[in-house]
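**Student:** Chain residues, written in single-letter form:
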Amino acid sequence: MRGNLAKAFELTNTQVLRRAPLPKSYTDYLGRKLFLFLLTVQGLGAFALITLGVILRKSGVAKNVIHPRIRQEIARAGVALLPMFFFVALGLGFLVVGQTVSALARVGAISYLGSTMVIVVVRELGPLLAAFLVLARVGTAHVIELGTARALGEVEALEALGIDPVHYLIVPRVIGMALGIFSLTIYLIIGALTSGYLFAFLQDVALTPGDYFKQIVESLGWLDFALLALKTISFGFFIAIVTCYHGLAQPLRLEDVSRVAVRAVTQGVIVCVLIDALFIVLYLVA
Amino acid sequence: MSENQNIPAIEMRGVRVAAMRDATFTVVEDVNWSVASGEFWVVAGQELSGKSDLLMLAAGLMSPAAGSIKVFGNDPENFGEAELAERLRVGFVFQNGQLFNQLTTAENLALPLRYQKNLTEAEAARPVAALLELLELAPFADVTPANIAANWRQRVALARALILKPKILLLDNPLAGLGARHRQWWLRFHDQLSRGHELFGGGPMTIVVTAEDFRPWQHPRRKFALLHEKRFLPLGGWNEVETTGDPVVKELLAGHLETTI
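So the sequence lines, in the order shown, correspond to chains P and C. In terms of our numbering, the first sequence has 30 at position 30, counting the first letter as 1, and numbering is strictly consecutive. In terms of our numbering, the second sequence has 198 at position 198, counting the first letter as 1, and numbering is strictly consecutive.
Just so you know, not all the hints are guaranteed correct.
Per the computed footprint, the stretches of chain P lying under chain C, defined by three or more beta-carbons under 8 Å from a beta-carbon of chain C, are [stated by the list, open to error]: (1) 57-71; (2) 104-116; (3) 180-186.
Taking lysine-lysine and the DSBU-like style, the derived pairs with C-alpha atoms no more than 35 Å apart in a straight line are [stated by the list, open to error]: (4) C:K230 - C:K250; (5) P:K63 - C:K250; (6) C:K117 - P:K58; (7) C:K230 - C:K165.
Honestly, the hints are just simulated from the structure, not real lab data. Idealized CB from N, CA, C, for every residue including glycine.
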């Protein structure tokens with residue numbers, strides 16, 4: 001139990017580099033940045049594997065404690081964000097879908113509507129926007145909560161009581177965020193496509209709702225559904241891993257928490273972009 | 001695993017203790033210490049002498065930098081899922097409580113019980129209520145730690161450590177910052193636990209406390225040890241403590257106020 005966090009920390013002790021005096025040359029500076037990057041990647045990888053291992057190994061342990069916590073995290077990273085996502089879906093519909101539909105109609109390219117919507121909204125904007133919003137709203141809270149708990153010694157208290165901190169603190173957050181982003185992306189896509197048509201309709205675009213949705217449905221293949229699910233779950237999993245890793249895996253002092261929160265959000269954004277790039281390759285190959 | 005009275009509750013041989021926050025820094029060296037079942041030990045030392053680190057090591061929360069440690073004959077390093085029952089025989093009370101700030105007092109107590117025994121809230125309610133009653137914490141059951149006075153927070157931490165009915169109780173400087181009335185309560189309660197309390201199986205509990213002052217712990221049946229200049233020095237019973245010529249022990253007996261004036 002103690003080993004889980006200790007292992008992740010031993011692998012990734014970046015504090016020495018972060019607290020070292022300023023380097024005297026640019027090459028030292030670049031070298032240090034490279035080491036930090038490699039150590040962070042190694043640490044995140046180790047932490048992700050440890051968490052995955054705990055999810056699989058302890059699926060039946062303390063269900064009466066862990067399952068309500070998972071439901072709580074799903075509510076927090078999913079249900080509680082629905083009003084905000086409703087508003088964002090309206091905005092996305094107006095800014096992107098509505099304008100695209102009317103622009104395509106003006107140049108007589110309305111037959112490309114379906115494939116354009118699928119590429120722009122279903123494959124790219126929907127998942128990425130949902131991931132960024134959940135990262136900002138929930139991921140930040142994860143780092144602050146866990147960082148504070150770490151700094152106040154609550155993690156050691158869990159270990160003293162024989163409770164695996166990864167199982168109790170991380171697993172519900174990872175599952176909650178993965179399912180939250182997956183569900184919210186679907187709502188966001190449906191909301192954006194629907195509100196987009198409404199805005200296009202207000203601009204007198206000659207396209208019936210039936211034709212509009214028929215084109216979109218015909219442009220969607222099974223791969224879109226499979227990769228959308230995989231992509232959004234990957235976003236949720238890795239955002240939770242990055243934020244929880246920074247909050248929990250390294251011993252922190254209270255004054256470190258705000259700095260670590262900024263670092264976690266930045267790395268969360270980078271991870272999302274990298275995952276997105278990977279999926280673009282998958283779409284192109286498939 | 002059955003409890004064998006001949007096996008020491010805690011045994012350290014040639015242990016080197018590293019600091020919790022910096023594993024490269026040694027705080028105590030060459031600890032050779034044996035705590036028999038049912039014994040009550042008071043380990044005193046000045047600030048930063050390594051009391052908390054030694055206790056965390058005994059609880060299996062840290063690994064020794066060198067040497068071996070056994071708890072009921074088992075190496076806590078190897079306590080995995082299968083040895084969880086062994087691990088839970090050791091209760092630990094942190095110096096500042098280290099309670100879970102998001103949970104109420106009752107939830108703080110219930111968490112280890114519910115997690116280890118997979119109980120629902122309703123199933124854990126009765127043992128939690130009994131312990132809250134025993135430690136006079138019932139009025140604070142639904143209050144979060146931030147809204148409880150420090151004197152009572154420390155008592156919540158004790159209750160949380162006791163909920164799993166440990167055989168060994170390790171307390172890190174439990175009297176630090178407590179008012180006179182609370183200190184008296186703690187000393188009386190420790191005495192009850194040491195003699196055996198029916199709520200915890202009736203048998204004498206093995207207790208190790210750390211302290212910065214020997215005097216409140218004066219008792220003929222207790223054993224005392226000193227941490228000084230990275231050395232662990234077992235002193236023996238109260239008579240030996242009183243008659244020793246060690247200036248540090250004399251200082252710890254005289255109390256901080258008198259030594260600093």
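**Student:** For each hint, tell me whether it holds in the structure or not.
**Tutor:** Hint-by-hint comparison with the structure:
1. For the segment 57-71 of chain P, the stated coverage by chain C holds: 5 residues have a C-beta nearer than 8 Å to a C-beta of that chain, and at least 3 were required.
2. Only residues whose beta carbon comes within less than 8 Å of a beta carbon in chain C count, and the segment 104-116 of chain P has 0; fewer than three means the coverage is violated.
3. Closer than 8 Å: that is the beta-carbon criterion, and the segment 180-186 of chain P has 0 residues meeting it against chain C, so the requirement of 3 is violated.
4. Restraint check: the Cα-Cα separation between K230 (chain C) and K250 (chain C) comes to about 18 Å, which is no more than 35 Å; the hinted pair holds.
5. The hinted pair formed by K63 (chain P) and K250 (chain C) fails the criterion: a straight-line CA distance of about 53 Å is larger than 35 Å.
6. At most 35 Å may separate the alpha-carbon atoms for a hinted pair to count; K117 (chain C) and K58 (chain P) meet this at roughly 14 Å.
7. A C-alpha spacing of about 33 Å is found between K230 (chain C) and K165 (chain C), which places the hinted pair at or below 35 Å, so the restraint holds.
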